[in-house]
Amino acid sequence: MAIEVRHISKTFGGFTALRDVSLEVRDGELLALLGPSGSGKTTLLRIIAGLESADPRPESAVLFEGQDVTRQDAGQRRVGFVFQHYALFRNMTVFENIAFGLRVRPRALRSSEPEIRRRVMELLELIHLQELAGRYPSQLSGGQRQRVALARALAIQPKVLLLDEPFGALDAKVRQGLRRWLRKLHDEVHVTSLFVTHDQDEALEVADRVVVTNQGRIEQVGTPEEVFHHPASEFVMDFMGHVNLFHGRIESGKAVFGPLVLHHNGSSASEGRSARLFVRPYDLDIAHHHNGKPSLRARVVRIQSAGPQVKVELESETGEPVSVETSHAQFGELRVSSGDQVFVSLRDARIFTEDYSI
Amino acid sequence: MAHPAILGDQLSEPARRDSRREPAALRWSLTLAALGFLALFVALPLLVVFSQALQKGLAVYWAAIREPDALAAIRLTLLAAAIAVPLNLVFGLAAAWAIAKFQFRGKNVLVTLIDLPFAVSPVIAGLIFVLMFGAQGWLGPWLGRHDLEIIFAVPGIVLATVFVTFPFVARELIPLMQAQGTEEEQAALVLGAGAWQLFRRITLPNVKWSLLYGAILCTARAMGEFGAVSVVSGHIRGQTNTMPLHVEILYNEYNFAAAFAVASLLALLALVTLGVKRILEWRIRQLHRDIAALAEAGEA
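First to last, the protein sequences are chains A and B.
Quick note on numbering: the first sequence equals residues 1 to 358 in this note's numbering.
Quick note on numbering: the second sequence equals residues 1001 to 1300 in this note's numbering.
Simulated from the structure, these hints should not be mistaken for lab results.
All C-beta atoms in this analysis are idealised placements derived from N, C-alpha and C, irrespective of residue type, glycine included.
Fair warning: there could be bad hints in the mix.
Unchecked claim - Ranges of calculated distance between the beta carbons of each label pair, as one might list FRET restraints:
id	chain 1	residue 1	chain 2	residue 2	range
1	A	Phe12	B	Leu1139	42 to 48 Å
2	A	Arg19	B	Gly1227	55 to 61 Å
3	B	Ala1098	A	Val174	55 to 61 Å
4	B	Val1109	A	Asp73	28 to 34 Å
5	A	Arg302	B	Lys1208	56 to 62 Å
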């Protein structure tokens, strides 16, 4: 089911959590709301669920399949919600937790007991926890609780599944497994899903599309590839992973960052403005000699080779820290060690200029 | 598992020394101090009550309890508790729910008000009721015209009992409910539960132990209350005397055997209340384990 959010703002006392946010979620997609804490992503999720209401404004609305649900309360919207800390019912077994949504239906709509049993067993099978049906939440591991919370949300056959930091409270290894499992589950169940995360790897790996939020606004909406390779703003570029940042200026149509002089095909209006250069660590090459490309001199400070990539920390001639990532094979050919003077050149970078004049 | 006593004996061996443990001498002296204190202030008085009560033999004991005024006092005490405890259960649950799960203006004032009966001397509490409902009190003339008796009558005793036992349930529930938060309720809401289902299936089961514990404390205090009840009672034998008041009257009349007999009954009630609490806790925990084990066996 498609979801549409129109012009939503939300303030808590003096704090503005959302500023005029509009968003469309396509039918059947798995969408990630990605942003740092305090960026408003969880608030947006809770407004969609009906657990929070947006600031009342005539143009703001939440629509499910084109139908305005702004005034419906959470129970009427039929959404599945998975809480960050699972919120399993501690006084009920796993079985009863999953059955809860089916049992609280009005009598006329409630399924028969055998029907409820069948549905719960089906879901238990889906989450591979059939043998733990009689356990209480306190007797489960974090990953198991997470799966029970998901099954409980799916039991009411929700029109949309909302997950708040679904893997936030789990350790790295369980997280990895559950991520892949969630993706697989979504491919099987096909329910429109939104999940909130502050982990860009998680968003990029699992989601069909990613919404990057910052300070109550949406910075960019796009596929993981778009968001990663074509960040729409400095914030997105920075948030998508470690970057090197250089400060410079546009001079005679070129972007000048100290010793680095780069082509800049912006308008002439940007002349004289300050500019910032963002380069990912793996878009930098290290060489012993100047290779004709724009490059800067740097001194190797530290080499960290434990991991899938070799990380080299350097200090540029202007004293700025630079980090470079390279494959073990390339690093083997290069043969540098701490203290060496080298040249660092860029393969790819993005330049952002101030889009306003002072 | 190392037995604490054994570990204590082995403390002289440096290799076995566990730095997290206090020296044996300190542990034993602390334990002894606690036990001694308990013996002196709890066990010994209890023993004295029972030995004094039975000093003149079972027949006298039995007669003191079966005496009509004593029976009336027992009935009144049980009646006051039977009214005060359910009232405070409802009030305590409502107040704790409001305080723990919602944000509103005046919340701190409410919390302070709930604690008031703990802070105010019970005698003062009794006096307040006399000043309000007594013949010379604010509402006295109005009550008189409508032929309603509150002070020196059963309603006054019930009122005073409700007042002094008022914080027990709420105080017991508030910290637990605050710790549990509102996420489970929110989850139930999203799953379509109505307000009553929410309360009956989520909120109430999650606090049932604290609720029971609060009710038991409340019962014990309701039956034992002296000061506030003494002020509003008027000490009319057979009519407005509760058990503690009856004990006092008998004692003042140098009728020690009878006084201690009724006192022993109060002590017994307290012991039974505590016993019930222990048994219930143990029983229901057992039940939970059984259900879990059965369900697992059933699924396997």
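Against the structure, the hints come out as follows:
Between Phe12/A and Leu1139/B the Cβ separation comes to about 45 Å, which falls inside the hinted range of 42 to 48 Å. As the Cβ distance of Arg19/A to Gly1227/B is approximately 60 Å, the hint placing it in 55 to 61 Å holds. The beta-carbon spacing between Ala1098/B and Val174/A, approximately 38 Å, falls outside the hinted interval of 55 to 61 Å. The given range of 28 to 34 Å is respected by Val1109/B and Asp73/A, whose C-beta atoms sit roughly 30 Å from each other.
The beta-carbon spacing between Arg302/A and Lys1208/B, approximately 59 Å, falls within the hinted interval of 56 to 62 Å.
The structure is inconsistent with hint 3 alone, although it conforms to all the rest.
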